[in-house]
Amino acid sequence: MAEKKKAAPKSTKAEKSVKIDPQANGSAQPGFAIEKLFLKDVSVEVPNSPEIFTQREAPQIAIELGNSGKPLADGYFEVALKITVTSKIADKTAFLIEVTQAGIFALRNIPEENLEMIIAITCPNILFPYAREAISDLVIKAGFSPVLLNPINFEMLYLQQKQQAAGNAVGTKN
Numbered sequence: 001m002a003e004k005k006k007a008a009p010k011s012t013k014a015e016k017s018v019k020i021d022p023q024a025n026g027s028a029q030p031g032f033a034i035e036k037l038f039l040k041d042v043s044v045e046v047p048n049s050p051e052i053f054t055q056r057e058a059p060q061i062a063i064e065l066g067n068s069g070k071p072l073a074d075g076y077f078e079v080a081l082k083i084t085v086t087s088k089i090a091d092k093t094a095f096l097i098e099v100t101q102a103g104i105f106a107l108r109n110i111p112e113e114n115l116e117m118i119i120a121i122t123c124p125n126i127l128f129p130y131a132r133e134a135i136s137d138l139v140i141k142a143g144f145s146p147v148l149l150n151p152i153n154f155e156m157l158y159l160q161q162k163q164q165a166a167g168n169a170v171g172t173k174n
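Letter by letter, the sequence shown follows residues 1 to 174 of the numbering used here.
It should be emphasised that the hints constitute simulated quantities derived from the structure, not laboratory data. Accuracy of the hints is not assured; some may be wrong.
With a straight-line Cα cutoff of 25 Å, these simulated SDA-like cross-link-like pairs (lysine to any residue) come out [said to hold, decoys possible]:
id: 1; residue 1: Lys36; residue 2: Ile121
id: 2; residue 1: Lys36; residue 2: Phe128
id: 3; residue 1: Lys82; residue 2: Gln29
id: 4; residue 1: Lys82; residue 2: Ala28
id: 5; residue 1: Lys70; residue 2: Ala165
id: 6; residue 1: Lys162; residue 2: Glu112
id: 7; residue 1: Lys40; residue 2: Asp137
id: 8; residue 1: Lys162; residue 2: Ile152
id: 9; residue 1: Lys82; residue 2: Leu148
id: 10; residue 1: Lys162; residue 2: Leu65
Restraint-style ranges between C-beta atoms, simulated for each label pair [unchecked claim]:
id: 11; residue 1: Gly66; residue 2: Ala169; range: 20 to 26 Å
id: 12; residue 1: Asn109; residue 2: Gln163; range: 15 to 21 Å
id: 13; residue 1: Gly31; residue 2: Leu148; range: 43 to 49 Å
id: 14; residue 1: Pro151; residue 2: Lys40; range: 45 to 51 Å
id: 15; residue 1: Thr54; residue 2: Pro111; range: 56 to 62 Å
id: 16; residue 1: Gln55; residue 2: Gln164; range: 20 to 26 Å
In this text the structure is predicted, and so the values were computed from the model without any measurement. For each residue, glycine too, the CB sits at the ideal point set by N, CA and C.
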């Protein structure tokens, strides 16, 4: 009896996977994909150690933010989010941490007028949690209490930059 049963052929993953090519059916649908996320640059400074660890005051923390995007190959962009956190106790720097979190994003068939917004808003929103985690880990490893950065509204920052640019353009014409 056992000999009469035939095992059904096992399907392989290659047979099950289906590749979808938006160009194949003639439609050029917009596409967004994260290709790679990486820590591009890190700097940790504790210039006043070990004396700074004897201070009992709460540190004052200042945050500086920068964002840049540059095209790579056709449809690929590198976006880098640079965050600098400086902590001071009295007039002395407790620590200075600088992190540049970057990513390579595939942006296909995106209208030109939307490209800038995606690079300035969507990509930094993806990168920020990774940069935030790196900063928190580095602060702890430098010997200080954890620092958790509050969320950042990149859409608001983008709109403010656009308003500033428009105001500057009007100011230079007069």
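Note to self: What's the verdict on lysine 82 and leucine 148, does the C-alpha distance respect the 25 Å limit or exceed it?
What the structure shows: Given pair lysine 82, leucine 148 holds - Cα atoms ~16 Å apart, limit 25 Å.
Checklist line | Pair hint outcome, lysine 36 versus isoleucine 121 [Cα-Cα no greater than 25 Å] | finding: 17 Å, holds
Note to self: Quick check on a hinted range of 56 to 62 Å for threonine 54 and proline 111, using CB atoms only.
What the structure shows: Holds, at about 58 Å.
Next item on the list: Starting from the range 45 to 51 Å, see whether the pair proline 151 and lysine 40 falls in it by beta-carbon distance.
Entry: 22 Å, violated
Margin query: Next pair to validate is lysine 162 with isoleucine 152; report whether the Cα-Cα distance is within 25 Å.
Written below: Judged against 25 Å, a Cα distance of about 17 Å means the pair holds.
Item checked: Pair hint lysine 70 and alanine 165, alpha-carbon separation not exceeding 25 Å -> 20 Å, holds
Next item on the list: Using the beta carbons of glycine 66 and alanine 169, state whether their distance is inside 20 to 26 Å or not.
Entry: 22 Å, holds
Item checked: Agreement of lysine 162 and glutamate 112 with the hint, judged by alpha carbon distance not exceeding 25 Å -> 16 Å, holds
Next item on the list: With 15 to 21 Å as the target window, see if asparagine 109 and glutamine 163 comply at their CB atoms.
Entry: 29 Å, violated
Margin query: Check the hint pairing lysine 82 with glutamine 29 against an upper bound of 25 Å on the C-alpha distance.
Written below: 31 Å, violated
Next item on the list: Mind checking the alpha carbons of lysine 162 and leucine 65 for me, to see if they're no more than 25 Å apart?
Entry: 16 Å, holds
Note to self: Holds or violated: the 43 to 49 Å window for the beta-carbon distance between glycine 31 and leucine 148?
What the structure shows: The hint (43 to 49 Å, Cβ to Cβ) is violated, given that glycine 31 and leucine 148 are roughly 33 Å apart.
Checked against the numbered hints given earlier, this structure breaks hints 3, 4, 12, 13, 14 and 16; the rest are met.
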